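Visitor: If you want the building blocks of each chain, they are given just below.
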Amino acid sequence: MFRARSIQSSLSIKDKILSIDYILVISIFILGLTSILAMYSTDGGELKYHTKSHILRFFVFFGMFLILSFIQIRFWHSQSYLIYIFFFILLLGVKYFGLVSSGSKRWLDLYFMNLQPSELMKIGLILFLAKYYHRTSIENLNRIRYLFLPVVVLIAPIILVATQPDLGTALLIAAGGLSVAWLAGVRVKFFAFSGLAFLALLPIAISFLKPYQKSRILTFLNPERDPLGAGYQIIQSKIAIGSGGLFGKGFLQGSQSYLDYLPEKHTDFIFTLFSEEFGFFGSLFILFLYAIIVWRIIKIGNVTRSNFGKLFCYGFGTAFFIYVVVNMMMVLGLLPIVGSPLPIMSYGGSSMMAIMLGLGIVMSCKVYKDTPVN
Amino acid sequence: MLSPSSGNTVIKSKLISRRMFLLTAAKAIVTFGIIGRLVSLQINERTKYKTLSDKNRFREWKLAPERGVIRDFFDKEIASNQQVYQVHLIPENSKDIEKLFVRLKTILNITEKKLFYLRRVIVKQKPWEPIIVSDNITWSEFSRLNLFLHELEGVKPVVSVARMYPDNSSAHILGYVSQVSGKDLQTKKYLKDLHVPGMSIGKTGLERKLDEEIIGKIGFQRYEVNAYGKRVKQILINEGQAGKSFKTTLDFEVQKFTSELLKDKAAAVCVMDVYNGDIVSLVSSPTFEPNEFVHGLDKTYWNSLIKNEMKPLTNKTIAGLYPPGSTIKTLVALSALENGVIKPLDTFKCEGKIELYGEKFHCWEKDGHGIVNLRKGIKRSCDVYFYEVARKLGVDRLSETAKKFGLGKKVLNGFIEERAGVVPNTKWKKKFIGQNWYLGETLHSGIGQGYFQSTPLQLCLMTAQIANGGFEIKPRIIFDKKNNNLRDYIKYKNENPNDPLPTDLLVSNFELKPLFKNQEHINLIKDAMFSSSNEPGGTSYRHRWENKKFTFAGKTGSSQIKRFTEAQREAEVKQESLPYKDRDHALFVAYAPYSDPKYAISVLVEHGGSGGKAAAPIAKKVIKKVLERHELRKRIDSLLGEQV
Numbered sequence: 000m001f002r003a004r005s006i007q008s009s010l011s012i013k014d015k016i017l018s019i020d021y022i023l024v025i026s027i028f029i030l031g032l033t034s035i036l037a038m039y040s041t042d043g044g045e046l047k048y049h050t051k052s053h054i055l056r057f058f059v060f061f062g063m064f065l066i067l068s069f070i071q072i073r074f075w076h077s078q079s080y081l082i083y084i085f086f087f088i089l090l091l092g093v094k095y096f097g098l099v100s101s102g103s104k105r106w107l108d109l110y111f112m113n114l115q116p117s118e119l120m121k122i123g124l125i126l127f128l129a130k131y132y133h134r135t136s137i138e139n140l141n142r143i144r145y146l147f148l149p150v151v152v153l154i155a156p157i158i159l160v161a162t163q164p165d166l167g168t169a170l171l172i173a174a175g176g177l178s179v180a181w182l183a184g185v186r187v188k189f190f191a192f193s194g195l196a197f198l199a200l201l202p203i204a205i206s207f208l209k210p211y212q213k214s215r216i217l218t219f220l221n222p223e224r225d226p227l228g229a230g231y232q233i234i235q236s237k238i239a240i241g242s243g244g245l246f247g248k249g250f251l252q253g254s255q256s257y258l259d260y261l262p263e264k265h266t267d268f269i270f271t272l273f274s275e276e277f278g279f280f281g282s283l284f285i286l287f288l289y290a291i292i293v294w295r296i297i298k299i300g301n302v303t304r305s306n307f308g309k310l311f312c313y314g315f316g317t318a319f320f321i322y323v324v325v326n327m328m329m330v331l332g333l334l335p336i337v338g339s340p341l342p343i344m345s346y347g348g349s350s351m352m353a354i355m356l357g358l359g360i361v362m363s364c365k366v367y368k369d370t371p372v373n
Numbered sequence: 000m001l002s003p004s005s006g007n008t009v010i011k012s013k014l015i016s017r018r019m020f021l022l023t024a025a026k027a028i029v030t031f032g033i034i035g036r037l038v039s040l041q042i043n044e045r046t047k048y049k050t051l052s053d054k055n056r057f058r059e060w061k062l063a064p065e066r067g068v069i070r071d072f073f074d075k076e077i078a079s080n081q082q083v084y085q086v087h088l089i090p091e092n093s094k095d096i097e098k099l100f101v102r103l104k105t106i107l108n109i110t111e112k113k114l115f116y117l118r119r120v121i122v123k124q125k126p127w128e129p130i131i132v133s134d135n136i137t138w139s140e141f142s143r144l145n146l147f148l149h150e151l152e153g154v155k156p157v158v159s160v161a162r163m164y165p166d167n168s169s170a171h172i173l174g175y176v177s178q179v180s181g182k183d184l185q186t187k188k189y190l191k192d193l194h195v196p197g198m199s200i201g202k203t204g205l206e207r208k209l210d211e212e213i214i215g216k217i218g219f220q221r222y223e224v225n226a227y228g229k230r231v232k233q234i235l236i237n238e239g240q241a242g243k244s245f246k247t248t249l250d251f252e253v254q255k256f257t258s259e260l261l262k263d264k265a266a267a268v269c270v271m272d273v274y275n276g277d278i279v280s281l282v283s284s285p286t287f288e289p290n291e292f293v294h295g296l297d298k299t300y301w302n303s304l305i306k307n308e309m310k311p312l313t314n315k316t317i318a319g320l321y322p323p324g325s326t327i328k329t330l331v332a333l334s335a336l337e338n339g340v341i342k343p344l345d346t347f348k349c350e351g352k353i354e355l356y357g358e359k360f361h362c363w364e365k366d367g368h369g370i371v372n373l374r375k376g377i378k379r380s381c382d383v384y385f386y387e388v389a390r391k392l393g394v395d396r397l398s399e400t401a402k403k404f405g406l407g408k409k410v411l412n413g414f415i416e417e418r419a420g421v422v423p424n425t426k427w428k429k430k431f432i433g434q435n436w437y438l439g440e441t442l443h444s445g446i447g448q449g450y451f452q453s454t455p456l457q458l459c460l461m462t463a464q465i466a467n468g469g470f471e472i473k474p475r476i477i478f479d480k481k482n483n484n485l486r487d488y489i490k491y492k493n494e495n496p497n498d499p500l501p502t503d504l505l506v507s508n509f510e511l512k513p514l515f516k517n518q519e520h521i522n523l524i525k526d527a528m529f530s531s532s533n534e535p536g537g538t539s540y541r542h543r544w545e546n547k548k549f550t551f552a553g554k555t556g557s558s559q560i561k562r563f564t565e566a567q568r569e570a571e572v573k574q575e576s577l578p579y580k581d582r583d584h585a586l587f588v589a590y591a592p593y594s595d596p597k598y599a600i601s602v603l604v605e606h607g608g609s610g611g612k613a614a615a616p617i618a619k620k621v622i623k624k625v626l627e628r629h630e631l632r633k634r635i636d637s638l639l640g641e642q643v
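Residue numbers (numbering that gives the first Met the number 0), protein chains in the order written: chain E, 0 to 373; chain X, 0 to 643.
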């Protein structure tokens, strides 16, 4: 303990700055710039509201990410439960004071921005479970009584988010949480049992789905079912991506988005727009950037000494990967349309804030990789 | 948990790393899955999606081309175009079609039936394709529409051009245009890439014959449109190409004059240049109003046309079939001379009837013509004489001559309504009726009755080919500058009167096909026709022109509809006292002027009675009109000659 503390205290500012993972920082920065280009294109090649606001958000949260990197890993560890509880209270706040927009209640009005606590909860849950499993000994790991708390902290926010209703985010929160639990060593059989239980409950769950959610799932199974209605988004997205070809139609030349055939082009379908304008190689470029980011996060997980750090990095890295692929598979017509933003690329402050928060904690794991958390 | 041993932590750490490794492998697989999908969409199927993207992006509106005009020989437009006011509707631009219809009904005169039809069209078409609510509204309706336009979303007032016929005298030969039908689209291949909603196509006559060329090439406007159907910018505009215009050989003045003459009669007149086959006039009566067809036909008008027993829709000049009657006698005589069956001065005695093969054959002159030779036979149109000639000649030799002179086959190209008629012979009867030829039928054929069927145009062609000295000509209605060999030949003959050109050289030097063996025979027939029209006792003597300029040589004919019974014959029943439907068709063929033949004419008056009384007076007037205009026509001819 003493030695560790001495290592920690011996870290000079210069050491800290040098120990930052620059590949990760640069990748995020390049991705951010790319996303600004894409946003500029969605505004029809003019510096309008979306672009301006995206630029502002990116730089503010990118700065936040850099600052968070220097916060001690011990702080994150010690405050994990509190952070989770804080986010959970925000979620409850949404339920009672939330803003209603197009039929769902997802946002809290903070005057300077509309906050979507469900996005933050993605990080909060990972943080909570990383700490929980860090502290659970390997013998207790698979005891039923030790499974009780994780299940509660997993289910409670999911129910809140799913009833907003925001099925996509709820599923993504669950994906992050389950990843951590699995990585911590929870036996496969528990996942299998809960999977079966989920399947058994599925018919009941479906009966609770809103009609538009049902139709989205049906549409995914057969997009041509209603080409002008629910299938429209998938079809138009596939047309946009496919028509991009190898090299794309060129920057600001994406006719599908320019002529408004592409729905939600700022948010969920930003990849489609980029892919239409920059083609197959452009898509590979984006995919490559994300691959580097995920790789660096996991790499940090490898080098960080504490299991808390490992669990958080691996959990967040996996969740980040899932956010990316779910969004891409969705716009490529491989998954039903569930609202899920593409990290960093999509327009949206809460998502950007959550991702940068996660990345900040990861970077803190890097900077304080040898520091024990307790 | 309070103080986890470091060993425990290491085990846990290893477990986490192992599981992370598994997850990483899964991630790699998913990533490759996404790349695979990108390859499939952006590389393998990129053409498909590019097409789909363009389909999204572009919308095309086709523009109907302007139809070519048809002119007469003097360049007067006989089928022209006029400006019309139309109402189009683009369904996707209208928020509520039904409301719009209600509003439109108050402004325009639209029936419920029309609305029903429009609703059906809207369902079938793409929402941005315009439908034509009304293709010809009046100026006052049009201005009212423009006044209320702000509350008629989706409605587009359009100024367009449509077919207009200045006169209905040429309605039959010009034909008419009308909306494209589903059947047209199936049967006419040229319409496949040409069809624009609301476009008219030729249905009959020249309009139909020339349709493919006269219709023009469609234009189109291509716009880039956004997802809400709003036009963003024009990408391409192609005005299309107006259809080709055509000049015909018809003389509009003669058409009008003749049409006026034939008013209230079921009749037909053909006039043809005997040297080059130019059809100067082709009139069928009663006529119809072709302008009525252009913008959707009124049902009551259509019914009145269909029910009229004078058949106003039939072009009698090329689609009416009539027994040629006595007009065929010229060919019977010619055939007999050519085949050496008779000599011009051979005589027969006519006692009003003869009995052959146990059947009585009557002459139209109950008391008989006495001693008759060829000239008198044609002049008085003696039936008995021609019974004898036909008997000697036989029907097969007669049919050979008749076919050579253009009977029994279509003489114009590309008119779907034209009919070929019948020139009977033994083979024909065997084939089409399945019976052997009776000798009595030869006698009927000899006076142009029985199975004989011909169109007035065929009779005109026959007469023209006799008048020009017996040379084959091809009737034509589309103006053609080509040099006329027959004229060159006549010129040559006039300049070298003592140097008769052997028949076989005609073909090589002038590309002419003589229809005779001995031209003297043709001259004999021409002379006999002269006597028929200009000598006392001739069947059309009463309607001759004394003025040499107009003197014509002709042959009357009447084709029997119903055989006279013996009782009627005894009672000397007059044609005028028979019911209209039972009266003979009156026929008259002629060429003029006699001394220097220029034009041939055929006149048919359905149920007109005798040719001399009903048809010859019409021919007389038309001949004068045509010859009066000959100088004008020649001037144009020579002008064009210089151009070539």
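Any given hint could be a false lead.
DEER-style ranges, computed between Cβ atoms [stated by the list, open to error]:
no., chain 1, residue 1, chain 2, residue 2, range
1, X, Glu91, E, Asn113, 29 to 37 Å
2, E, Gly92, X, Asn7, 56 to 64 Å
3, X, Lys232, E, Gly92, 47 to 55 Å
4, X, Pro126, E, Ala174, 39 to 47 Å
5, E, Ile216, X, Arg17, 33 to 41 Å
6, X, Ser39, E, Gly92, 55 to 63 Å
7, X, Gln220, E, Gly92, 24 to 32 Å
8, E, Gly194, X, Glu59, 51 to 59 Å
9, E, Asp108, X, Lys125, 42 to 50 Å
10, E, Gly102, X, Gly32, 27 to 35 Å
11, X, Gly32, E, Gly194, 15 to 23 Å
Residues from chain X that face chain E, not an exhaustive set, calculated with beta carbons under 7 Å [said to hold, decoys possible]:
no., residue
12, Lys13
13, Glu44
14, Leu523
Honestly, the hints are just simulated from the structure, not real lab data. Please read all numbers here as calculations on a predicted model, not as lab measurements. Backbone N, C-alpha and C define an ideal beta-carbon position, used for all residues, glycine too.
Visitor: Now look at each hint and say whether the structure bears it out.
Guide: Hints and how they fare:
no., hint, verdict
1, X:Glu91 with E:Asn113: 29 to 37 Å, "36 Å, holds"
2, E:Gly92 with X:Asn7: 56 to 64 Å, "40 Å, violated"
3, X:Lys232 with E:Gly92: 47 to 55 Å, "48 Å, holds"
4, X:Pro126 with E:Ala174: 39 to 47 Å, "42 Å, holds"
5, E:Ile216 with X:Arg17: 33 to 41 Å, "35 Å, holds"
6, X:Ser39 with E:Gly92: 55 to 63 Å, "45 Å, violated"
7, X:Gln220 with E:Gly92: 24 to 32 Å, "56 Å, violated"
8, E:Gly194 with X:Glu59: 51 to 59 Å, "53 Å, holds"
9, E:Asp108 with X:Lys125: 42 to 50 Å, "45 Å, holds"
10, E:Gly102 with X:Gly32: 27 to 35 Å, "33 Å, holds"
11, X:Gly32 with E:Gly194: 15 to 23 Å, "21 Å, holds"
12, Lys13, "10 Å, violated"
13, Glu44, "5 Å, holds"
14, Leu523, "83 Å, violated"
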